[in-house]
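Make the full structure from the sequences, and use the hints.
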Amino acid sequence: MESILKTDRLTKHYKSNMLRRDITALEDVSFEVKRGEVFGYVGHNGAGKTTTIKIMTGLIRATSGSATILGYGLDDMRARRLIGYLPENSYYYDYLSATEIMKFYGKLNGMDTKAILKRTGELFEMLNLENAKDRPLREFSKGMLQRVGVAQAILHNPELVIMDEPMSGLDPIGRIQIKEIVRMLKKQGRTIFFASHILSDVEQLCDRVALLARGRMVKIGSIDELTVQTNQGYEFSLSDWNEEFLKKIEPYRNGGASVEEHGGSLLVTVMEETEKDKFLKLVTSSDGIKLASMTQKRLSLEDIFLKEYKVSHEDTDRRN
Amino acid sequence: MKILTVAINTLKEAVRNKVLYTLLFFGVIVSGMSITLATMTVSSRIRVIANVSLANIEVFGVLIAIFVGISLVHKEIDRRTIFTIITRPLHRYEFILGKYIGLILTLLIQIAFMTLIFFCIELIFGGLEFLPDYLKAIWLIFVQIALITAVATMFSSLSSPILSGMFTLAFYIIGHISSFLEMLLPENANAFTVMLVTLMRYMLPDFQFLNVKGLAVYNHEIPFSYMAGATIYGFFYIAVILIIAMLVFEKRDMK
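Top line first, the protein sequences correspond to chains A and X.
Going by the numbering used here, the first residue of the first sequence is number 1, and it counts up by one from there.
Going by the numbering used here, the first residue of the second sequence is number 321, and it counts up by one from there.
In case anyone wonders, no lab produced these hints; they're calculated from the structure.
Please note that a few of the clues may not be correct.
Restraint-style ranges between C-beta atoms, simulated for each label pair [unchecked claim]:
hint, chain 1, residue 1, chain 2, residue 2, range
1, X, PRO452, A, GLU122, 53 to 59 Å
2, X, LEU535, A, GLY121, 55 to 61 Å
3, X, LYS571, A, LEU117, 36 to 42 Å
4, X, ARG336, A, ASP303, 27 to 33 Å
No more than 20 Å apart at the CA atoms, straight line, and that leaves these computed lysine to any residue pairs for SDA-like [stated by the list, open to error]:
hint, chain 1, residue 1, chain 2, residue 2
5, X, LYS332, A, THR113
6, A, LYS15, X, LYS575
7, X, LYS322, A, ASP75
8, X, LYS571, A, ASP76
9, X, LYS338, A, ASP94
10, A, LYS187, A, GLU125
11, X, LYS575, A, ASN45
12, A, LYS133, X, ARG336
13, X, LYS332, X, VAL368
14, A, LYS219, A, GLU27
15, A, LYS6, A, THR63
16, A, LYS290, A, GLU235
17, A, LYS15, X, MET574
18, X, LYS338, X, ALA432
19, X, LYS322, A, GLU125
20, X, LYS322, A, GLU27
A short, non-exhaustive set of chain A residues, derived as facing chain X with CB atoms under 10 Å [said to hold, decoys possible]:
hint, residue
21, TYR14
22, MET77
23, ILE83
24, PRO87
25, TYR92
26, LEU96
27, ILE101
28, LYS103
29, TYR105
30, LYS276
31, LYS278
32, LEU282
Glycine included, C-beta positions come from ideal geometry on N, C-alpha and C.
Structure, rendered in structure tokens:
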């Protein structure tokens with residue numbers, strides 16, 4: 001699949017305000033975002049997510065490294081035409097009405113008034129903003145402003161939509177709406193760069209994920225790839241077992257498998273794939289034993305993130 | 321086209337800004353006061369009205385240029401409204417020029433409004449025959465204000481409003497006395513001080529060169545060649561200052 005966005009060893013150093021100390025916000029971050037995917041960019045507060053986005057959108061310049069959007073450098077206006085940007089908070093002119101702000105942004109994107117009004121009508125209908133289109137933005141709720149943010153980000157039909165913490169400060173309804181919008185944009189074939197620290201949202205929405213800790217990229221891959229790498233064993237849930245069966249599985253228990261009763265079921269967890277196959281044969285060959293389910297136990301994205309964060313923390317301490 | 325979009329939006333913002341109306345209100349009050357002063361004077365009433373009104377147009381124009389100009393770009397960065405603007409296919413220099421032109425349009429409206437009041441008062445007192453001279457003086461007041469706006473825009477793109485205000489005001493004051501700077505030097509001034517003052521004399525614009533209010537009020541001839549020279553002089557400084565502002569802004573990180 002074609003790469004929409006490519007970064008190569010992006011690095012950003014800042015000078016702290018008072019002591020003029022050198023602060024590394026981002027170090028050697030390289031990744032690719034493929035066309036049509038929802039790419040999750042995950043990290044704790046201060047991990048470097050917003051710094052990466054600001055570099056990608058031209059708000060700040062990288063100290064070293066490079067990035068391209070469909071082959072165009074970030075300072076190239078052709079690259080800017082391809083992106084739509086939803087910032088973390090609503091930074092819009094609050095004295096303008098929703099329609100006025102769309103006209104303003106549309107013209108900056110080189111659209112003519114007729115096209116802007118047509119597209120604005122479609123977007124406001126989709127985002128339930130029709131009744132508020134002539135009200136000044138200062139009268140809008142946080143959720144409504146976030147929807148205006150989405151509208152301005154996709155007004156010009158960009159190839160790549162960059163969302164920085166799109167769920168920030170939203171109530172559950174607002175969050176559901178944003179999730180629906182992300183799914184809809186994906187269905188329309190758009191590529192979405194989704195930066196967040198809310199891991200459950202990322203797990204639900206993203207095809208691939210990059211984990212960032214302390215300015216460094218620590219993992220990248222699909223949710224499946226990341227979690228399969230952290231196999232926590234295979235869990236069998238059984239019912240109608242008897243004493244004879246318990247005796248049969250004694251060697252597994254001695255070999256390290258965990259066996260426990262839970263809610264009327266017998267839960268057996270074996271670690272290795274070969275053991276799993278043998279145990280499955282044993283279950284199917286034992287009379288009367290019913291297999292309710294067999295699942296591969298994995299770490300959640302949250303567990304992986306915490307683990308990587310701790311590793312990076314220790315690594316930084318060692319280097320210091 | 322994109323510069324114009326930013327400019328029109330800046331004008332819209334200024335028009336919806338209460339500070340502008342407050343300053344305009346005071347400007348109108350002072351214009352009205354010129355009638356009172358004129359009725360109390362023993363010399364030419366027309367001259368008193370012209371003197372007060374032209375000074376009034378300049379002072380309130382400069383005040384609006386400084387008050388609005390010093391936060392023109394800084395406010396966009398501080399409130400982060402700039403985030404959804406310069407991430408679009410818009411060059412940073414286009415943003416600076418758009419903001420500058422927007423404020424200039426606002427000031428043109430203010431100057432036109434106050435000029436209209438001034439001419440109405442002159443009409444009442446029969447001084448309309450001197451309008452061409454007054455218009456020349458008002459044009460050069462506009463050039464001065466446009467120069468101050470450029471300075472405020474430059475400082476606003478690299479500093480906080482308070483510092484920008486102080487620097488811009490200092491620039492305006494020094495600009496008015498720059499032609500006298502060398503005269504202020506003591507006879508025993510050391511070489512470094514002389515060099516510094518001479519450097520400032522040539523680097524800073526001479527606002528007195530753009531001031532023909534006195535000539536207009538006393539109906540002295542203001543040749544076209546002088547007007548053209550002063551206009552080019554003012555526009556040259558505006559261009560230099562805006563180029564500096566654009567270069568500085570180009571490098572700036574929007575944190």
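Flag every earlier hint the structure violates by its number, smallest first. Of the numbered hints given earlier, those the structure breaks are 4, 13, 19, 20, 30, 31, 32, listed in rising order.
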